[in-house]
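S.K.: Protein chains in written order, with my numbering: chain L, 15 to 284; chain H, 343 to 691.
Think of the hints as simulated: they come from the structure by calculation, not from any bench.
Hints may contain errors.
Said to hold, decoys possible - Computed from the model, here is a short list of chain H residues facing chain L with C-beta under 8 Å:
{"id": "1", "residue": "Phe394"}
{"id": "2", "residue": "Thr410"}
{"id": "3", "residue": "Pro413"}
{"id": "4", "residue": "Pro414"}
{"id": "5", "residue": "Phe429"}
{"id": "6", "residue": "Tyr440"}
Claimed, not checked - From chain H, some residues computed to sit far from chain L (all C-beta separations above 10 Å):
{"id": "7", "residue": "Ser380"}
{"id": "8", "residue": "Thr421"}
{"id": "9", "residue": "Arg471"}
{"id": "10", "residue": "Asn492"}
{"id": "11", "residue": "Glu517"}
{"id": "12", "residue": "Glu585"}
{"id": "13", "residue": "Ala642"}
{"id": "14", "residue": "Ser649"}
{"id": "15", "residue": "Arg650"}
To be verified - Derived SDA-like pairs: lysine to any residue, alpha-carbon spacing no greater than 25 Å straight-line:
{"id": "16", "chain 1": "H", "residue 1": "Lys519", "chain 2": "H", "residue 2": "Gly371"}
{"id": "17", "chain 1": "H", "residue 1": "Lys509", "chain 2": "H", "residue 2": "Val628"}
{"id": "18", "chain 1": "H", "residue 1": "Lys446", "chain 2": "L", "residue 2": "Ser177"}
{"id": "19", "chain 1": "H", "residue 1": "Lys445", "chain 2": "L", "residue 2": "Phe198"}
{"id": "20", "chain 1": "H", "residue 1": "Lys470", "chain 2": "L", "residue 2": "Ser177"}
{"id": "21", "chain 1": "H", "residue 1": "Lys495", "chain 2": "L", "residue 2": "Phe198"}
{"id": "22", "chain 1": "H", "residue 1": "Lys446", "chain 2": "L", "residue 2": "Leu146"}
{"id": "23", "chain 1": "H", "residue 1": "Lys446", "chain 2": "L", "residue 2": "Leu117"}
{"id": "24", "chain 1": "H", "residue 1": "Lys495", "chain 2": "L", "residue 2": "Pro199"}
{"id": "25", "chain 1": "H", "residue 1": "Lys495", "chain 2": "L", "residue 2": "Thr192"}
{"id": "26", "chain 1": "H", "residue 1": "Lys495", "chain 2": "L", "residue 2": "Ala189"}
{"id": "27", "chain 1": "H", "residue 1": "Lys470", "chain 2": "L", "residue 2": "Thr191"}
{"id": "28", "chain 1": "H", "residue 1": "Lys446", "chain 2": "L", "residue 2": "Thr191"}
In this text, a Cβ means the ideal position worked out from N, Cα and C, and glycines have one as well.
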Amino acid sequence: MIVDGRLKAVLRVLTGLVLLVVYVPLALVMVNSFNVDRTFTWPPSGLTFHWWNVAAHSSGARHALLVSIEVAILATAIALVLGTLAGLALRRTRFFGRNVVSLLIILPIALPGIVTGIALNNAFRTMLGLQLGFFTIVVAHATFCIVTVFNNVQARLQRLGPSFEQASADLGAGAFTTFRLITFPMLRSALLAGGLLAFGLSFDEIVVTTFTAGPQEQTLPIWIFQNLFRPNQAPIVNVVAAVLVLVSTVPIYLAQRLSGDVVSGASGAH
Amino acid sequence: MSAVTARGLSKTFGDVRAVDDLDLEIADGEFFSMLGPSGSGKTTVLRLVAGFERPTSGRVLLGDDDVTDLPPYRRDVNTVFQDYAIFPHMDVQTNVEYGLRVKKVDRQERRRRAEEALSAVRLEGYGKRRPTQLSGGQRQRVALARALVNRPKVLLLDEPLGALDLKLRREMQLELKQIQRDVGITFVFVTHDQEEALSMSDRVAVFRDGRVEQVATPVELYERPASSFVAGFVGTSNRIGGEAAPRLLGSPGEYAVRPEQLRVVPAGSPVEPGELALPGKVREVVYLGPLTHAVVELDAGPRLTVSRPNTRTASERPLEASDRPVAVVLHRDSLIALSGPTEMTEETA
Chain L
15 MIVDGRLKAV
25 LRVLTGLVLL
35 VVYVPLALVM
45 VNSFNVDRTF
55 TWPPSGLTFH
65 WWNVAAHSSG
75 ARHALLVSIE
85 VAILATAIAL
95 VLGTLAGLAL
105 RRTRFFGRNV
115 VSLLIILPIA
125 LPGIVTGIAL
135 NNAFRTMLGL
145 QLGFFTIVVA
155 HATFCIVTVF
165 NNVQARLQRL
175 GPSFEQASAD
185 LGAGAFTTFR
195 LITFPMLRSA
205 LLAGGLLAFG
215 LSFDEIVVTT
225 FTAGPQEQTL
235 PIWIFQNLFR
245 PNQAPIVNVV
255 AAVLVLVSTV
265 PIYLAQRLSG
275 DVVSGASGAH
Chain H
343 MSAVTARGLS
353 KTFGDVRAVD
363 DLDLEIADGE
373 FFSMLGPSGS
383 GKTTVLRLVA
393 GFERPTSGRV
403 LLGDDDVTDL
413 PPYRRDVNTV
423 FQDYAIFPHM
433 DVQTNVEYGL
443 RVKKVDRQER
453 RRRAEEALSA
463 VRLEGYGKRR
473 PTQLSGGQRQ
483 RVALARALVN
493 RPKVLLLDEP
503 LGALDLKLRR
513 EMQLELKQIQ
523 RDVGITFVFV
533 THDQEEALSM
543 SDRVAVFRDG
553 RVEQVATPVE
563 LYERPASSFV
573 AGFVGTSNRI
583 GGEAAPRLLG
593 SPGEYAVRPE
603 QLRVVPAGSP
613 VEPGELALPG
623 KVREVVYLGP
633 LTHAVVELDA
643 GPRLTVSRPN
653 TRTASERPLE
663 ASDRPVAVVL
673 HRDSLIALSG
683 PTEMTEETA
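Pulled out of the complex, with its shape left as it was, chain L reads as follows (with noise of 0.2 Å):
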C-alpha cells in the first residue's frame, strides 16, 4: 500500500488513540490494585502491597481460581480430543451432510452465551437429571471450546492438503501410523494454538457459567463479579485483576508465536 506522509501521521495518531483507549484502564486497574484508598479514587491518594498480601490469603480468590484453572484444564482437554477428531473427518473424509455438520459443531460459538446457557441448564437438571456443579461447567465450555480447536486443525489440515498424508500410506504406513507420524506433528502447532484459545475461552467465561455452575461452584469471573461490588472486597479484586492480566499476556504470545512458525515451514516446502 502506498500511503503518503500526512495519511500516515493520521494513522499514527489514529493508532495511538486505539492503544490509549484499550490499556489506560487496564493500567489503572494495576495502578488500582497498590491504591492505599479503598474506593479507587482517582489520583491513588497512597500506594501499598496491602492489598496484595490480603488477596494473596484470600481463600475465596485462591478456590475460585483454582476451579477456573481445573475447569478450563478439562474442557481444553476435551476440546483437543473431539475438535481434532471432528476436524479430521471433515477434513479427511466425505460424507452425506458434511457441510451441515461443520456448521453445528461451529454455531456454538456464535449462539448467545445466555442463549447456551438457559438451553444447558435446563437440559442438564430437567432432562439429565444431573446436579448442577464443576462436572456440567466443564462439558458446558467443552461445547464452545471444541468450536476453537476444530477451526485450527480444519485450517491447517485444508492448507497441508492431503498429498503428505497420502505419500505416507503409499510409503506402507497404515491410517494410525500416518497420524502418529505426519498428520499430528503436522497438526502441533495448530492443537496448542486452538488450545490456548479454549482455554482462555474458558476461563473467562461467565454468562454460560452462571446458568450452570449451580450454587456450589464459583469459577474465578464469577468470583470477580460477586465481589466488585462489596466494599471490603473491591481492592481485592483489582488486585486479582491485575495479577491476570500479567498472566493473560504469556498464552497469547504463545498461541501468536506458534501458529506462525510450523505452518510457514510446511508451506516453504513449495
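Once you have looked at the hints, place chain H on chain L.
M.R.: The following block gives chain H in isolation, referenced to the frame of chain L:
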C-alpha cells in the same frame, strides 16, 4: 510378464468419465509414459494403480496379483508426487527412511539403504538438511530416493518435472532415465509434455478423454501416429484431407506430414521421382534458433508449416514472406495416412 495390468478400468467422478474402459499392459522393467492433455485421465490411472482412488469398475493387477481392493499401503508400488510431498517436519534422511521405518526395518539397515538411495540420486551428505533448505531439483531427488529406497516393483511418477525450470528439466530427464536403467525398476511416468515422453520412454500411451489412443515406441508414435489426434498432439504436423487431398495428392483420405519432411523451392524447380510439388506462397517466417519455420499458403487452400534446419547452406538462401510463387516439395513416402476420427478440422482443408 506385465508389471502393471489394467483390465476394463473405469473411474467416474460425478458425471465425468475420467477413465473409460481402459486396457493396458506395462512390461516389467519398462520406462512407460502416459501422455495426454490435462483432463485426459492419465493422472487418474496413476492414482488407481497407487490405490488413492478406487475404480468404478475393472481390475488393477501388479504382476499376477489383483490389487484392486488393497489400500495404498499394501501395494508394492511407490509414488513420486507432483508436489513431491516431502514431509516438512523431518530432515532428508528421516524422509528417505520413512518407508523402511514403518515396515520395521532395523535402524542400521535403514540407515545404510537410505544412504545408498541418496547416493543413487546424487545427494550424498544431504541427510541432515531440512526440506526448506533444498532447491526444487534437490527436493525432486529426495522424493525419488524416498520412493526408490523401498525397492518397489513399480515406481509411479506424477509429472515430477513439472515444477522445474526448462534447463533443470532437461538435465533431470536424462538423469531419470539413467537412474531407471541403473535400478531396473518399472517406471510409469505421467506427463503432458510430448518431448519429455518421447525422450525418456521405452513406450508411450497417448491418452484422450479417458481412453488410450495409441500405445507405441516413441519412434512409431512420431512416424506412424495411429490417429489424427496423436499426429497433432505428438510433435507438430500438417494435415491434408477433405477436398484438398485428391486434388493435391491424387488420392482421397486424411493425411499428416511432418514439417521437417517438407522443403520450400522456387516455383518450377525440378523434383525427384516420387516427389510432389505443391504451389503456394510463403506467408510467415519464424526463426527458432536451430530451425526456421515457414508457413506456406498453398494455392489449393491448406497452409503448411515447413521446418528447415539453420545450417550454413540453408541460410545462404533466406526464407522470407512474399508474393513470389514457390512450391512445397514432399515425398509420397513421408505422407502419414490417418485413420480414426478426424479432429481439429479447422486445420484440415
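S.K.: Could you work out which earlier hints the structure fails to respect and list their numbers in ascending sequence?
M.R.: 2, 8, 10, 21, 22, 23, 24
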